[in-house]
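Take these sequences, add in the hints, and give me the full structure.
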Amino acid sequence: MLEKIKQNTFGHFRYLPEAAGFNVKTDQNLTIINCGLGSSMFNIVCGNCYTEKVQNIVNEFECQPFAWWIIESKILSRKLLEHGFITETEGRAMLCDLTNFESSANQLIKIDQVLNRDRLEHFIKVLETYDTTARSFYEKLTEPLLNQQEKLFVGYENDIPVVIAILFISGDTAGIFSLVTEENKRGLGYGTEMMNHLMDTARKIGTRYATLSASSDSGYRIYERLGFLTFGQFECFEWRS
Numbered sequence: 514m515l516e517k518i519k520q521n522t523f524g525h526f527r528y529l530p531e532a533a534g535f536n537v538k539t540d541q542n543l544t545i546i547n548c549g550l551g552s553s554m555f556n557i558v559c560g561n562c563y564t565e566k567v568q569n570i571v572n573e574f575e576c577q578p579f580a581w582w583i584i585e586s587k588i589l590s591r592k593l594l595e596h597g598f599i600t601e602t603e604g605r606a607m608l609c610d611l612t613n614f615e616s617s618a619n620q621l622i623k624i625d626q627v628l629n630r631d632r633l634e635h636f637i638k639v640l641e642t643y644d645t646t647a648r649s650f651y652e653k654l655t656e657p658l659l660n661q662q663e664k665l666f667v668g669y670e671n672d673i674p675v676v677i678a679i680l681f682i683s684g685d686t687a688g689i690f691s692l693v694t695e696e697n698k699r700g701l702g703y704g705t706e707m708m709n710h711l712m713d714t715a716r717k718i719g720t721r722y723a724t725l726s727a728s729s730d731s732g733y734r735i736y737e738r739l740g741f742l743t744f745g746q747f748e749c750f751e752w753r754s
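With my numbering as the guide, the letters of the sequence shown map in order to residues 514 to 754.
If you're looking for bench data, these hints aren't it; they were derived computationally from the structure.
Hints are supplied without guarantee of correctness; some may be wrong.
[Stated by the list, open to error] Listed below are the simulated DSSO-like cross-link pairs for lysine-lysine, each with C-alpha atoms no more than 30 Å apart in a straight line:
no.: 1; residue 1: K653; residue 2: K698
no.: 2; residue 1: K538; residue 2: K566
no.: 3; residue 1: K538; residue 2: K664
no.: 4; residue 1: K517; residue 2: K717
no.: 5; residue 1: K638; residue 2: K664
no.: 6; residue 1: K592; residue 2: K517
no.: 7; residue 1: K538; residue 2: K592
no.: 8; residue 1: K717; residue 2: K698
no.: 9; residue 1: K623; residue 2: K664
no.: 10; residue 1: K664; residue 2: K653
no.: 11; residue 1: K653; residue 2: K517
no.: 12; residue 1: K653; residue 2: K638
no.: 13; residue 1: K566; residue 2: K587
no.: 14; residue 1: K587; residue 2: K538
no.: 15; residue 1: K587; residue 2: K517
no.: 16; residue 1: K623; residue 2: K698
no.: 17; residue 1: K638; residue 2: K623
no.: 18; residue 1: K638; residue 2: K717
no.: 19; residue 1: K517; residue 2: K664
no.: 20; residue 1: K623; residue 2: K653
no.: 21; residue 1: K638; residue 2: K698
no.: 22; residue 1: K538; residue 2: K653
no.: 23; residue 1: K538; residue 2: K517
no.: 24; residue 1: K566; residue 2: K517
no.: 25; residue 1: K664; residue 2: K698
no.: 26; residue 1: K717; residue 2: K623
no.: 27; residue 1: K566; residue 2: K592
no.: 28; residue 1: K717; residue 2: K664
Here's what the structure looks like:
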């Protein structure tokens, strides 16, 4: 199951950058995504490698910041820290079998899939409060691209966008990413409402599993209550220019 989670997560990282024409390449077990946006949200390396390759990877980004996601590895983790990376997050690799999932959504918010430029603008407005480069990335997406493997969602309170998320479909698996609630709207159940909506959407389109990476104890416990189990751990390191 850990391999299934990894394949979906790393597939999500590369899907939109590749489709939007950014620089994406694969080097053996590594995928190197260089969007040239000066942000570790969009400049990403995913995969484990021999420690001797670390400097070569740093050189790929020409002093730009980037994030490096790996499956937990004491040897590579130590090498990255010694090289000057910092630990950005540690996340539980979680999976839920959707076979018997029943949504418990309370209709606290109205949730729409992003299928046009207006909805995309609402998605960007929520995300760019956390990373201003989000606009430069997402504005490159075309409308036909919005309804393929990577599906974007926005939740509205009284027609105001308050929560966003992404669902990435690969095979029988749907990965949940970028679940972000406006800071002044947290604790109202909007994130859980969005989770229920995404899991129900994934089940209805025929995927059997939902996956995610939980980076906090509180989040992890919420996901457990929704039926997710932990199968391993991701580590994310950040290189700051």
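> Of the hints given before, which are not true for this structure?
Replying inline: none
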